[in-house]
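So the sequence lines, in the order shown, correspond to chains W and S. The opening position of the first sequence corresponds to residue 1 in my numbering, with each subsequent residue numbered one higher. The opening position of the second sequence corresponds to residue 1 in my numbering, with each subsequent residue numbered one higher.
The hints are simulated quantities; they were obtained by calculation from the structure and are not laboratory data. C-beta atoms are modelled at their ideal positions from N, C-alpha and C, and glycine is treated no differently. Heads up, a few of these hints could be off.
To list a few chain S residues with every Cβ distance to chain W over 10 Å, as calculated [claimed, not checked]: (1) Thr23; (2) Gln42; (3) Arg59; (4) Lys111; (5) Ala126; (6) Val130; (7) Ala140; (8) Lys147; (9) Ala153; (10) Phe154; (11) His184; (12) Gly191; (13) Glu204; (14) His208; (15) Val230; (16) Phe246.
List of simulated lysine to aspartate or glutamate pairs, DMTMM-like, C-alpha gap at most 20 Å [unchecked claim]: (17) W:Lys556 / S:Asp116; (18) W:Lys309 / S:Glu49; (19) S:Lys201 / W:Glu557; (20) W:Lys502 / W:Glu596; (21) W:Lys298 / W:Glu276; (22) S:Lys16 / W:Glu557; (23) S:Lys122 / W:Asp607; (24) W:Lys564 / S:Glu227; (25) W:Lys504 / S:Glu227; (26) W:Lys516 / W:Glu540; (27) S:Lys79 / S:Asp207; (28) W:Lys254 / W:Glu181; (29) W:Lys185 / S:Glu227; (30) W:Lys639 / W:Glu595.
Residues on chain S that point at chain W, a partial pick, calculated with CB under 7 Å [said to hold, decoys possible]: (31) Trp8; (32) Thr21; (33) Tyr22; (34) Gly25; (35) Asp26; (36) Ser28; (37) Asp50; (38) Ile62; (39) Asn71; (40) Ile132.
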Amino acid sequence: MINLNAGAPRGPLAEQWSSYKANCKLVNPNNKRKLDIIVVGTGLAGASAAATLGQLGYNVKSFCYQDTPRRAHSIAAQGGINAAKNYQNDGDNVFRLFYDTIKGGDYRARESNVYRLASISPEIIDLCVAQGVPFAREYGGLLANRSFGGTQVSRTFYARGQTGQQLLIGAYSALSRQIAEGTVKLYNRRDVLDIVVIDGKARGVIARNLVTGELERHSAHAVVLASGGYGNVFYLSTNAMGSNVTPAWSAYKKGALFANPCFTQIHPTCIPVHGEFQSKLTLMSESLRNDGRIWVPKEKEDAEQLRQKKIIPEQIHESKRDYYLERRYPAFGNLVPRDVASRAAKERCDEGYGVGTSGRAVFLDFSDSINRLGVEAISARYGNLFQMYERIVDDNPYQTPMMIYPAVHYTMGGLWVDYELMTTVPGLYSIGECNFSDHGANRLGASALMQGLADGYFVLPYTISAYLSNEIHTPAIQTTLPEFHSAIQGVSDRIDQLRNTKGKTSVDHFHKKLGKIMWEYCGMSRSEAGLQSALGMIGELKEEFISDVRVPGGMKEYNPELEKAWRVQDFIELGDLMVRDALQRKESCGGHFREESQTSDGEALRDDEKFAYVAAWQYKGNSAEPAMHREELRFDTVKPSQRSYK
Amino acid sequence: MNFTLKIWRQKNAADKGGLVTYTVGDISADSSFFEMLDQLNQLLIGKGEDPVSFDHDCREGICGTCSLYINGRPHGPLKGTTTCQLHMRSFRNGETIFVEPWRCGAFPVIKDLIVDRSAFDKIIQAGGYVSINSGGIPDANTIAVPKPNADAAFDAAACIGCGACVASCPNASATLFVAAKVSHLALLPQGRVEGERRVRKMVETMDHLGFGNCSNTYACEAECPKEITVANIARMNREFLAAKLFADKEKQVSFSL
């Protein structure tokens, strides 16, 4: 059993981070420029880390699979970023943000990390404003806030519905400045396919140049993974098409533990699936639930008529509508947390009350708000979202209710990291969505952007110096070392294998099949029997992939099918681990709903006695079962309570 | 729906390339343009042919990865829409659709419909930022910014760097792209400080990279998927002129010392 010690400083929560910073070993500026750091990914976490490390004087190599760092998927985040600024004088402070995050995460996150996150949040806003991020402002010229995701304070900063885009452009600009100054070297259109470990320490990566197909060796004194989440294991998700688990998965196979893989977030307000050839799902900001009311028909006959388009929603009389969230959760109504809203929608559709041609959709109706506030007020708040909806669905939400359905959006699980954000492999760090650390079993709205930037701008640049201060005598790592040879050989063999299978079935076919298994058995609701059968199905799929995949094109050329094949193979293996993780967690918590663990009225039932731990999985070889290790969670400051939104 | 597609195929940067005709059937009107191309690629893979390569990622109109001239227009027929947000209901059943990559010397073709837009990154590296480090920053509300300025800065900052402005311009000019960044930062007090230096360096870099000059056709504004206006170009020109005057003054001062 590996002893998983987070290594948080002793002392009261509120003093831990300042005491860490006061005692942390530093690296002299003369030595910094002799130290190389690889950063994989250029989203909010990766770009902010690479830029900051470059400013400090380290030699940074930044990798992204996109054609430019500015396109990383953080760009798609809409809603906003939380910060305990208390600009609205509504009683917010660091402790409250910490408490909300721990509670929202259903008591499955580490107190020390979350407190640090909350305490850093105000600095993020200061920095982003100074970079020129055009946050929303009041007429007085000061920053505006909104309430988000059912919190009782207004602490969310936003830039219309494009907060992620504006924050990423800020980080990308900072990164561009360092590239111009020569402290960061950019490697775009690269897939990082393996991590090189020498004498137990992370010392480099093997990357494939996606344009030429060349395999490259890159060495460094430390490697930082900021490669994002793994939501695309479900095939359909709100992630970008290229989002993948590959760098994190290769870290797992090189000894980094993978924590809580089954914790995935299903977002309640996405545009429903239209058909078999759908390639991705589009999120509609959660802020819509502030003014929209969610309903389905009370009568199954009405739902059937709607599905067949024999009637339109406006024909259903008020008394025949079931506003099921308001009915079940009178205190929070339509503003219940994401996991609760998603499960409730699934429950109604499973019972046969779903609408839309597929029967997998519910209404989000703005007619009451439009009557109360007027079209203009609603258009000022949601105009761009309504437009986006109309473009995709061809329905006008001012006239007829929107249709929404839950979709995979974020993954709370990821590489296990300690207080310093280092994985179990020395010198290998993981930041942003790629790690597991701050959101427990459920992430609150507007907290992903906060975590990505906190890790990249303000945490990693300190904690990595603790490690690198012991590396100042290590000369530049040579890429001619045998470990690089064997890593590159392994990558090249696997590529040959994929290309030489010459089967009959395309990569997409396998990905879709995997997605269906994961969505059905490891999605919004999970059961022992379902997970057991999923395990078998994934095993078969893995074999089928190896014997029957068809990857056209060559290795030494631009070959998107080859990129996909590698990623999907990793996703299949990850799917297996997620199911195992869901199986062992026989409680319901956050985004993980176990059917065997619910209250008499069908609400999630957490089990703190048995499951107040982080499950961290260790790779034991391709044919062996992975081993699970536990990091017990201690709640010294916040006493766990059962969430109730009734 | 059924379509005839005439798609630009080009093996690599050195290949001459040419249009190849394909037909696709059984396409849902609700499919996006890329989902239609996905279907074509599945057919090609099934037949053992090389699928069509195209750039795409978020498929929700924000990352700026997608490109394509569709029937001669950047991002296709709809105003204010990226290719990934274009749906097949915007085309007539049975229509012949021409699909080509961006055509501009500064954006060389990599393969099929994919071009290299790293010239845009180089322009940003020349000065599209505020020169500050991550730390020691005063409170965000220390400087009030008039709401109209903040809103106008946002409008300019909404650029997704897709390159449609260059693709639509008869001179292949990147002026709207540069103007959007210059405006975004010039409108905010935080970006004002190095405004002169920024506009000079960014314009200089754009010229060096082989983009053409602006001759005010405004095709860029018409085709920009984020509807960035040419008012930003006027603002950049004013900034540029002022910067030149300022630079001369600076020289005189240093001479007199």
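Hints versus structure:
no., hint, in the structure
1, Thr23, "holds, 17 Å"
2, Gln42, "violated, 6 Å"
3, Arg59, "violated, 5 Å"
4, Lys111, "violated, 4 Å"
5, Ala126, "violated, 7 Å"
6, Val130, "violated, 5 Å"
7, Ala140, "violated, 4 Å"
8, Lys147, "violated, 5 Å"
9, Ala153, "violated, 4 Å"
10, Phe154, "violated, 4 Å"
11, His184, "violated, 7 Å"
12, Gly191, "violated, 5 Å"
13, Glu204, "holds, 13 Å"
14, His208, "holds, 14 Å"
15, Val230, "holds, 20 Å"
16, Phe246, "holds, 21 Å"
17, W:Lys556 / S:Asp116, "holds, 18 Å"
18, W:Lys309 / S:Glu49, "violated, 40 Å"
19, S:Lys201 / W:Glu557, "violated, 35 Å"
20, W:Lys502 / W:Glu596, "violated, 43 Å"
21, W:Lys298 / W:Glu276, "violated, 29 Å"
22, S:Lys16 / W:Glu557, "holds, 16 Å"
23, S:Lys122 / W:Asp607, "violated, 54 Å"
24, W:Lys564 / S:Glu227, "violated, 33 Å"
25, W:Lys504 / S:Glu227, "violated, 45 Å"
26, W:Lys516 / W:Glu540, "holds, 14 Å"
27, S:Lys79 / S:Asp207, "violated, 29 Å"
28, W:Lys254 / W:Glu181, "violated, 34 Å"
29, W:Lys185 / S:Glu227, "violated, 33 Å"
30, W:Lys639 / W:Glu595, "violated, 25 Å"
31, Trp8, "violated, 14 Å"
32, Thr21, "violated, 20 Å"
33, Tyr22, "violated, 16 Å"
34, Gly25, "violated, 13 Å"
35, Asp26, "violated, 9 Å"
36, Ser28, "holds, 5 Å"
37, Asp50, "holds, 6 Å"
38, Ile62, "holds, 5 Å"
39, Asn71, "violated, 19 Å"
40, Ile132, "holds, 5 Å"
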